[in-house]
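Sequences and hints are given; from them, build the entire structure.
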Amino acid sequence: MLIIKNLKASIAGKAILKGISLEVKPGEIHAIMGPNGSGKSTLAAVLAGRDFVEVTEGSVFYHGKDLLGMAPEDRSKEGIFLGFQYPIEIPGVSMVNFMKTAVNEHRKHKGLGPLSASDFLKLMRDKKELVEIDSKLANRSVNEGFSGGEKKKNEIFQMAMLEPKLAILDETDSGLDIDALRIVANGVNKLKRPDNSTIVITHYQRLLDYIVPDVVHVLYDGRIVKTAGKELAFELEDKGYDWIKKEVENQD
Amino acid sequence: MEKDQDQIINDVTSGEYKYGFYSDIETEMIAKGLSEDTVRLISKKKDEPEWLLEFRLKSYRYWKTMKMPTWANLKIPTINYQDIIYYAAPKQKASLNSIDDIDPELKRTFDKLGIPLEEQKHLSGVAVDAVMDSVSVKTTFKETLAELGIIFCSFSEAVKEYPDLVKRYMGTVVPYTDNFFATLNSAVFSDGSFCYIPKGVRCPMELSTYFRINSANTGQFERTLLVAEEESYVSYLEGCTAPMRDENQLHAAIVEIIAENNAEVKYSTVQNWYPGDKNGKGGIFNFVTKRGLCRGENSKISWTQIETGSAITWKYPSCILRGDNSTGEFYSVAVTNNHQQADTGTKMIHIGKNTKSTIVSKGISAGQGQNSYRGLVKVLRNASNARNFSQCDSLLLGDKCGAHTFPYIEVDNQTAIVEHEATTSKIGEDQIFYCNQRGISTEDAIGLIVNGYAREVINKLPMEFAVEAQKLLQISLEGSVG
Chain A
2 MLIIKNLKAS
12 IAGKAILKGI
22 SLEVKPGEIH
32 AIMGPNGSGK
42 STLAAVLAGR
52 DFVEVTEGSV
62 FYHGKDLLGM
72 APEDRSKEGI
82 FLGFQYPIEI
92 PGVSMVNFMK
102 TAVNEHRKHK
112 GLGPLSASDF
122 LKLMRDKKEL
132 VEIDSKLANR
142 SVNEGFSGGE
152 KKKNEIFQMA
162 MLEPKLAILD
172 ETDSGLDIDA
182 LRIVANGVNK
192 LKRPDNSTIV
202 ITHYQRLLDY
212 IVPDVVHVLY
222 DGRIVKTAGK
232 ELAFELEDKG
242 YDWIKKEVEN
252 QD
Chain B
11 MEKDQDQIIN
21 DVTSGEYKYG
31 FYSDIETEMI
41 AKGLSEDTVR
51 LISKKKDEPE
61 WLLEFRLKSY
71 RYWKTMKMPT
81 WANLKIPTIN
91 YQDIIYYAAP
101 KQKASLNSID
111 DIDPELKRTF
121 DKLGIPLEEQ
131 KHLSGVAVDA
141 VMDSVSVKTT
151 FKETLAELGI
161 IFCSFSEAVK
171 EYPDLVKRYM
181 GTVVPYTDNF
191 FATLNSAVFS
201 DGSFCYIPKG
211 VRCPMELSTY
221 FRINSANTGQ
231 FERTLLVAEE
241 ESYVSYLEGC
251 TAPMRDENQL
261 HAAIVEIIAE
271 NNAEVKYSTV
281 QNWYPGDKNG
291 KGGIFNFVTK
301 RGLCRGENSK
311 ISWTQIETGS
321 AITWKYPSCI
331 LRGDNSTGEF
341 YSVAVTNNHQ
351 QADTGTKMIH
361 IGKNTKSTIV
371 SKGISAGQGQ
381 NSYRGLVKVL
391 RNASNARNFS
401 QCDSLLLGDK
411 CGAHTFPYIE
421 VDNQTAIVEH
431 EATTSKIGED
441 QIFYCNQRGI
451 STEDAIGLIV
461 NGYAREVINK
471 LPMEFAVEAQ
481 KLLQISLEGS
491 VG
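Chains A and B, in that order, give the protein sequences.
Here the first sequence is numbered in the numbering used here, starting from 2 and rising by one per residue.
Here the second sequence is numbered in the numbering used here, starting from 11 and rising by one per residue.
Quick caveat, the hints were computed from the structure, so don't treat them as lab data.
There are no misleading hints in this set.
Label pairs and their in silico Cβ distance ranges: (1) B:Trp81 / A:Arg126: 54 to 62 Å; (2) A:Gly112 / B:Met39: 53 to 61 Å; (3) A:Gly112 / B:Thr88: 52 to 60 Å; (4) A:Ile4 / B:Asn469: 45 to 53 Å; (5) A:Glu55 / B:Lys436: 22 to 30 Å; (6) A:Arg126 / B:Pro79: 53 to 61 Å; (7) B:Pro79 / A:Glu55: 47 to 55 Å; (8) B:His414 / A:Ala229: 55 to 63 Å.
The C-beta atom is built at its ideal place from N, Cα and C for all residues, glycine as well.
In structure tokens form, the structure reads like this:
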């Protein structure tokens, strides 16, 4: 589904990603862990197509297509969803209007006509139930005045609406209390299908108690320095990132 | 990705002004220039009574003593008032008995603008007075409205048919000495709309005037007079467009509104005059005086304006709140893109007791546009318990444009409560990217964000025009983020 080869990228001339290779197969959940500043969010930004990150080398193929050549909105319509670490507020634009525009753009891309108002509202209702979000959220402007937890739940709600093939959740657990964490994780699990994949970017192991990864990668200083099964997450929780740092330094 | 943004900017700045066509219509014009003879000639062409000619001449003589105001935050090129044609009228039969008497080309023009002159083509029950260049060409639904005692006709016709009403009200809200452009208008105005809602009548349909400038080198000077008697209600809308030309054209209009006891008037404007090209060449100078007088108790006048067109806009739709418990409202969205300039706002003059006013102004600047809000809230000595709330927001797209706010507050009564809030924000790349990531293109994202920002004002428009206004906002700003 997603094949990243020797990806190097920089922001304002500063190298952040220094050669990342990674393959995600359909149905897999990958966790990317690592200390602050290791390049986790930059990787998410490259995959979603943010233009302040400059790709200097390497390639990313998504379902056989050159992802780096695609506009961000086309990546979305092809099924890539980014759950933002800091969801953006758009004052005056209602969630209904925002989601209707997005859903209909996705439908257009698939050659389908726009949803009728009643079908759309029904879809909203169903998905809201699925991810257990307060139905009042949908009547408000996009993320405006939402608490940190509400914003994150709203990301999962949008993911439910757009049914991505590849969801990238960037630190979705940060700033969540344990109840919100459970709701967010349950949402992700309910949306899981055998043919869609998830990349969970996280700093802490605790989210992985709820979303069980198939593969765990540790990102350090722009490189993936360790890849293993879910047990790696527990090891990190026990030993902290210093252990990884030392190991890397010893290798050098 | 950069390629896409550049592409969008390109597509859009070259996106043509949709109403920029010119209609080849046989038009009667007088010679360029302005003198007492010009004023007399216009009056004669319109076969006017002596009192109106006197009003014009008095105005003209006063105008000659005046200088163009320079206080606005605008760079206005020198205007040669002798280089303007002050009267241009599509030629048609002396009196129109039916729609068939209208020049088919004229009909086609208004059809193209989405303003059919045949009543049966109107779906939504909107009565239209269509004005081209200096004259009104057709007013629809006149008869239907007349059954309720509502008068809705061209200003010229009102002068002939209802001279007493015109005489009683004309110039009472905007006196001929008011300001340079209003005085000029008082001397040379050629047509406009007249509307009278009798006591206790709720006007069952939207009334609207559609202004079209067609001929080159002409100025358009129309006046609208709207009288709402006790307990009456009317919602009024005006729209305007003009052909694309390299020369600037002057539009200096007057709107006067009088609301008696318990009367309510809603006046909405969707202003889409040709704004000039992306280099700032051409476009309409829109210098307009609009004022409403809440003369009666509990009366209410509400201005809503969506200003997307014109090279330069200079207008301050105002309310004089004379009646006790009267209410004035001003809701505005003004867009300046490319080289457009706007200095617009309102005046709320509180004279009566318990008078209330609300001001919501949303400026949007893009390209190298300069957008100024200028507003006066004045509470006079006897206006006890006056209340005003003002909110002035500015949205910037890009880093070459400007937003300016000039609020004036004068309060002479200690019981008054006056609030002023202001914000300035920038459409962030973050917001656009967030939309992109959900599958929404940059163009659509800007439309969505801007319409969200302006929603409070757009919601005040009659339904069918709100949809138009949303589209217009999006078109005016396409490609302005890069």
